[in-house]
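Undergrad: Sequence:
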Amino acid sequence: MSQLIAKKKGSALVFVLIIIAGIMTVTIGAQRLSLIQFNQSAREEDNTFAFYAAKSGVEDGLLRFRHQRNVETAENKTHRFDVTAGISFDEIAANQTIETTLGYKPSHQYYDLSIDYKTTQIGDFNFNNNPSPLMQDDELQLTGFPNDTVYSNDYFLRYAFQFVGEGNCYSRGAFVEIQQVVTTTTGQTTYSLRRAVAEPNNRVDSLGTNLPIATGSNLSSYIRIRPYHCNVNYAFVTATSPNSTGGGPKFDGLITNITATGYYGDTKRTLQAKVDRKSGTLIGIYDFNLYSGTGNIAP
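For what it's worth, numbering that gives the first Met the number 0 labels the leading residue of the sequence shown as 0, then goes sequentially.
To be clear, the hints were calculated from the coordinates, so they are not data collected in a lab.
Treat the hints with care, as some may be off.
[Unchecked claim] Label-pair ranges, simulated between beta-carbon atoms: (1) N75 <-> P130: 21 to 29 angstroms; (2) T148 <-> Y103: 33 to 41 angstroms; (3) G246 <-> N200: 23 to 31 angstroms; (4) G215 <-> E58: 40 to 48 angstroms; (5) Q187 <-> A92: 40 to 48 angstroms; (6) F126 <-> Y150: 23 to 31 angstroms; (7) G166 <-> T214: 36 to 44 angstroms; (8) R171 <-> R65: 39 to 47 angstroms; (9) Y103 <-> T184: 47 to 55 angstroms; (10) E138 <-> E58: 29 to 37 angstroms; (11) T214 <-> G264: 50 to 58 angstroms.
[What the hints assert, rightly or not] EDC-like, lysine to aspartate or glutamate: derived pairs with alpha carbons at most 20 angstroms apart: (12) K277 <-> D136; (13) K249 <-> D275; (14) K249 <-> E71; (15) K273 <-> E71; (16) K54 <-> D89; (17) K76 <-> D251; (18) K54 <-> E71; (19) K267 <-> D45; (20) K267 <-> D59; (21) K76 <-> D89; (22) K117 <-> D147; (23) K76 <-> D59; (24) K104 <-> D265; (25) K54 <-> E90; (26) K273 <-> D123; (27) K117 <-> D251; (28) K76 <-> E98; (29) K249 <-> E74; (30) K104 <-> E44.
A virtual CB, placed ideally from N, CA and C, is assigned to each residue, including glycine.
Whole structure, please, built from the sequences with the hints as guidance.
TA: Given below as structure tokens:
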């Protein structure tokens, strides 16, 4: 009888220990879950603060564009601003990390702002990823070609057009009129016209007869593009010779890119606004972190 009682007591003790172990496991698991949730909440909060810092940078860039259409930051430079303290660090090297900022505090919001509108190429010569088509009888103007004090070599403009519209553009005699305005070495202004006529494949490419932009001291002030009888997709690139596919200097890219990276704690967020330079219209704001270039914020 005593052995039976001892066995019952032993079994009860084992059962109690199992229950205690189970309670401890649940408690530790709950604590771990709470810690994970806390860390996740902290990261989300940091992410939100970084996002709003980047948004402040975009607003700064849009304001600068409103006052000066040709505003830009120097190449490989960025404007840094401490949002929390209201301190501007002006333009610094674009690769300078946020932690090296004078008086850096992880509890402060910062943003880096870069603005550019110049490019060596507009559009894709395979017409896979191009701007919206230029409608027939509408006009596109290219400007911002550097003079010989900025770029000393001669350079040219390669262009290509893809004619699009109802029916066959080639059979309708579709063409693009290219008006070139040149300032000569004597200070005179000359005008020249060139027609890019649709070929049987409804395309035309200047390769081999690229348009001279700067030869000697003569410089094209601007180039006007106007399509007739069809709409056109277009592509342009500055080139080093009449038969070159590129390698020339930058010119006005028709769009101002405003890129702002916001920082808070260990988190950063990057937003980019695109503005149509002709109309001043905000095309969209894009979140690099979420969609890698897919617009998700309404203008």
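Undergrad: State for each hint whether it applies.
TA: Now the hints, each set against the structure:
For N75 paired with P130, a C-beta distance near 26 angstroms keeps the hint of 21 to 29 angstroms intact. Range check, T148 to Y103: about 39 angstroms between beta-carbon atoms, so the 33 to 41 angstroms window is met. Distance hint check for G246 and N200: the Cβ-Cβ separation is about 26 angstroms, which falls inside the suggested range of 23 to 31 angstroms. The given range of 40 to 48 angstroms is respected by G215 and E58, whose C-beta atoms sit roughly 45 angstroms from each other.
The supplied range of 40 to 48 angstroms is met by Q187 and A92, whose beta-carbon atoms lie about 43 angstroms from each other. With their beta carbons about 28 angstroms apart, F126 and Y150 fall inside the hinted range of 23 to 31 angstroms. Separation of G166 from T214 is about 39 angstroms and conforms to the stated range, judged on CB atoms against 36 to 44 angstroms. A beta carbon spacing of about 42 angstroms between R171 and R65 agrees with the range 39 to 47 angstroms that was offered as a hint.
Against the hinted window of 47 to 55 angstroms, the Cβ-Cβ separation of Y103 and T184 comes to about 53 angstroms, which satisfies the hint. In this structure, E138 and E58 meet the distance hint of 29 to 37 angstroms, their C-beta atoms being roughly 32 angstroms apart. For the pair T214 and G264, the beta carbons lie near 55 angstroms from each other, so the given range of 50 to 58 angstroms is met. Between K277 and D136, the direct Cα distance comes to roughly 17 angstroms. Compliance with the 20 angstroms bound is thereby established for this hinted pair.
For the hint pairing K249 with D275, the CA-to-CA distance comes to about 18 angstroms; that is within 20 angstroms, so the pair holds. Using a Cα cut-off of 20 angstroms, the hinted pair K249 and E71 holds, with the two alpha carbons roughly 13 angstroms apart. A C-alpha spacing of about 13 angstroms is found between K273 and E71, which places the hinted pair at or below 20 angstroms, so the restraint holds. For a cut-off of 20 angstroms, the pair hint linking K54 to D89 stands: about 18 angstroms separates their Cα positions.
Proximity of K76 to D251 is assessed by CA-CA distance (about 19 angstroms); at most 20 angstroms being required, the pair is judged to hold. Between K54 and E71, the direct Cα distance comes to roughly 18 angstroms. Compliance with the 20 angstroms bound is thereby established for this hinted pair. Distance check on the hinted pair: K267 and D45 sit about 8 angstroms apart at the alpha-carbon level, within 20 angstroms; holds. The straight-line distance between the Cα atoms of K267 and D59 is roughly 18 angstroms, inside the 20 angstroms bound, and the hint therefore holds.
With a CA separation close to 10 angstroms, the supplied pair K76 and D89 stays within the 20 angstroms bound. With a C-alpha separation of about 17 angstroms, the suggested pairing of K117 with D147 holds against the 20 angstroms cut-off. The hinted pair formed by K76 and D59 meets the criterion: a straight-line CA distance of about 16 angstroms does not exceed 20 angstroms. Between K104 and D265 the alpha-carbon distance is near 11 angstroms, which keeps this suggested pair within the 20 angstroms criterion.
Between K54 and E90 the alpha-carbon distance is near 19 angstroms, which keeps this suggested pair within the 20 angstroms criterion. Under the criterion of a C-alpha separation no larger than 20 angstroms, the hint pairing K273 with D123 is consistent with the structure, at around 18 angstroms. Restraint check for K117 and D251: the C-alpha separation of about 5 angstroms stays at or below 20 angstroms, so the hint holds. Restraint check: the Cα-Cα separation between K76 and E98 comes to about 17 angstroms, which is no more than 20 angstroms; the hinted pair holds.
Of the pairs offered as hints, the one joining K249 and E74 holds, with about 12 angstroms between alpha carbons and a cut-off of 20 angstroms not exceeded. For the given pair, K104 sits about 17 angstroms from E44 by alpha-carbon distance, which is consistent with the 20 angstroms threshold.
In summary, this structure violates none of the numbered hints.
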